[in-house]
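Trainee: These protein sequence lines are chains A and B, in that order.
Residue 164 in my numbering sits at position 163 of the first sequence, with consecutive numbering throughout.
Residue 63 in my numbering sits at position 62 of the second sequence, with consecutive numbering throughout.
In case anyone wonders, no lab produced these hints; they're calculated from the structure.
Please read all numbers here as calculations on a predicted model, not as lab measurements.
No residue lacks a Cβ here, since even glycine has one placed at the ideal position from N, Cα and C.
Please note that a few of the clues may not be correct.
[As the list claims (entries may be wrong)] DMTMM-like cross-link-like pairs, simulated, lysine to aspartate or glutamate; straight-line CA separation at most 25 Å:
1. B:K176 <-> A:E120
2. A:K191 <-> B:E145
3. B:K41 <-> B:E72
4. B:K68 <-> A:E151
5. A:K124 <-> A:D75
6. A:K191 <-> B:D196
[As the list claims (entries may be wrong)] Using C-beta positions, here's what the derived DEER-type ranges look like:
7. A:K124 <-> B:E180: 51 to 57 Å
8. B:E194 <-> A:A131: 32 to 38 Å
9. A:N50 <-> B:L74: 46 to 52 Å
Protein chains: 2
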Amino acid sequence: MSKGELTRQMILAKAAPIFNQRGYAGCSLQEILDATGLEKGGLYRHFANKEELAVESFRYALTNTVKIRTENLDHIRGAVARLRYIVQRFVDVRSAIPGGCPLMNTAIDADDGNPVLREMARKGMSDWRAGLCGIVEEGMRSGEIRATTEPRRIANTIIATLEGALMISRLEGNKCALEDAQATLEGVLKEIESD
Amino acid sequence: MSKGELTRQMILAKAAPIFNQRGYAGCSLQEILDATGLEKGGLYRHFANKEELAVESFRYALTNTVKIRTENLDHIRGAVARLRYIVQRFVDVRSAIPGGCPLMNTAIDADDGNPVLREMARKGMSDWRAGLCGIVEEGMRSGEIRATTEPRRIANTIIATLEGALMISRLEGNKCALEDAQATLEGVLKEIESD
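So here's chain A without its partners, still in its complex pose:
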């Protein structure tokens, strides 16, 4: 990595938690400068403006979040076991970036705001759902999952229940809601599993 690229990565590593915790509009440039120890000119050598920095910080946060949530997923055999593992990782593993799930935060933050961030969040959501649908369909093909299962419904249910539970758990400062969500999703998975 060139020195320029290293500085850029350092900026993203410092800026991503700030944007994730405070939101795009709620976060001031000064906070980023304080966190990175850079002057305005130094920051703008790497990013054209606050919007570009916000977009790249979100990309950084999302990439790291997906990575940590799907770690070792390739080693798990069986569609239901893979879905169960994804739920388990979401419940067990702390957010890769302080401030909770960047996808949910940006979805909420940008729903009435920044259109570029909103589009990236849409893409992130769509990719996540497509990944889950793919696993369900794989299980349907192999006969492990009932042929009558609706992949999109299962995928949306897993995402909605986990994200909603994370919101409650973070608000309340305990894991009850996440554990309750996991128990319910286990029931959903049992129900789509072939006898």
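Put chain B on the given structure of chain A with help from the hints.
Mentor: Just chain B, lined up with the frame of chain A:
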């Protein structure tokens, strides 16, 4: 209502959607002044500062949201029918205040920010769950709901799934995720219903 109280209510009706859409930190005083047509002095005759206005706006938004979501609930007989009705209302009825669910928005917005708003969101969440738990327990007493049901798990599941689905639906601009959540929750309710 006195003229002062009318003005106060007008301010809350105008400010609540702005805070709900833009968040506490993301919303500037100027936006509130523009929306209400008041001067700074006029606004501060009714609210001590931006924080008090944000707190009262959230209270206003939450009260109206709960009211619209539970309208006519008292007329529904049977615990499962009442839970089903609550899910249905959440899916069918647009938010009372533009910008989506004020409880989720404030939970996400305030999780790393304003402690007063955070406490109010906690209370709102706790009340909502207590209400749902009460209905489940009522059904368990009457024998309509299986005695082995865990009320808290059912309540957390309903809240998490609906709120998460609303987040996805608002991000994607369609009701798919909410309808999928409703279908899954219908399965959850069927499962706790006594034979």
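Trainee: So which hints don't hold here, by number, going up?
Mentor: 3, 4, 7
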